[in-house]
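Asker: Sequence:
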Amino acid sequence: MTSEANIKKQKLTIKELITIGIFSAIIFICISLSGGPFAMFPALTFYYPVGGALLAGPVYLLLIAKVPKSGPIFTAGLLMAIFCYVTGMHIGMTIGYLAGSVLAEFVAWTRRYKSIKINILSYIVFCLGGTGSYIAYFINPRAWVSRMLEKGTPHEYLDTMAASVNNFILITMFTGTVIVALFSGFVGSKLLKKQFEKAGITA
Numbered sequence: 015m016t017s018e019a020n021i022k023k024q025k026l027t028i029k030e031l032i033t034i035g036i037f038s039a040i041i042f043i044c045i046s047l048s049g050g051p052f053a054m055f056p057a058l059t060f061y062y063p064v065g066g067a068l069l070a071g072p073v074y075l076l077l078i079a080k081v082p083k084s085g086p087i088f089t090a091g092l093l094m095a096i097f098c099y100v101t102g103m104h105i106g107m108t109i110g111y112l113a114g115s116v117l118a119e120f121v122a123w124t125r126r127y128k129s130i131k132i133n134i135l136s137y138i139v140f141c142l143g144g145t146g147s148y149i150a151y152f153i154n155p156r157a158w159v160s161r162m163l164e165k166g167t168p169h170e171y172l173d174t175m176a177a178s179v180n181n182f183i184l185i186t187m188f189t190g191t192v193i194v195a196l197f198s199g200f201v202g203s204k205l206l207k208k209q210f211e212k213a214g215i216t217a
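Residue numbers 15 to 217, in the numbering used here, belong to the letters of the sequence shown in order.
Everything labelled a hint here was simulated from the structure, so no lab data went into it.
Don't take each hint at face value.
[Unchecked claim] Label pairs and their calculated CB-CB ranges:
hint, residue 1, residue 2, range
1, Leu47, Ile185, 24 to 32 Å
2, Leu26, Arg156, 20 to 28 Å
3, Phe200, Leu26, 26 to 34 Å
4, Ile153, Asp173, 48 to 56 Å
We put the CB at the ideal spot given by N, CA and C, even for glycine.
Can you build the whole structure from these sequences, using the hints too?
Answerer: Structure below.
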């Protein structure tokens, strides 16, 4: 009976599914608002994941607090991945968000979604999923550019983007994303302290 009760407890209810849908949409909006402007400008596009990490931290942590079960984090990442695919972004971005959300889900799961520090670490991993397209670019710039030209990206955009590349941009992108995500998560942990205490989430 105990085993059956635990299984039922881990199943997502209709109310939880609705909560996941709403919060996943809000996370998507937050990432789009803070990261989108960087992606619009070719000279700044490599900083998209840095900007994208700024606003969603509190929402991400609140989602985990409200639904401390497997599924919510992956759902949020899946929504981002679908959007990237549908809007014609490089497949690396889709793969990045899928991989990032799976890893982020696992990180939070290791402490059963009840540790603030681990949940913030999970958010950092989730945000690093937004680097997928840029990792693909550095692996094979020619193939990346060729693929984006096929998708209709203006040649001028790609030329300006390539001109902005330097030896430190990849390090800056990763470091910046981690720092901004950590900051966003930290702010979220302070803003939502009472919510976490109610949900039994500890440091």
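Asker: When the structure is checked against the list of hints, which entries are broken? Sort them ascending.
Answerer: 2 and 4
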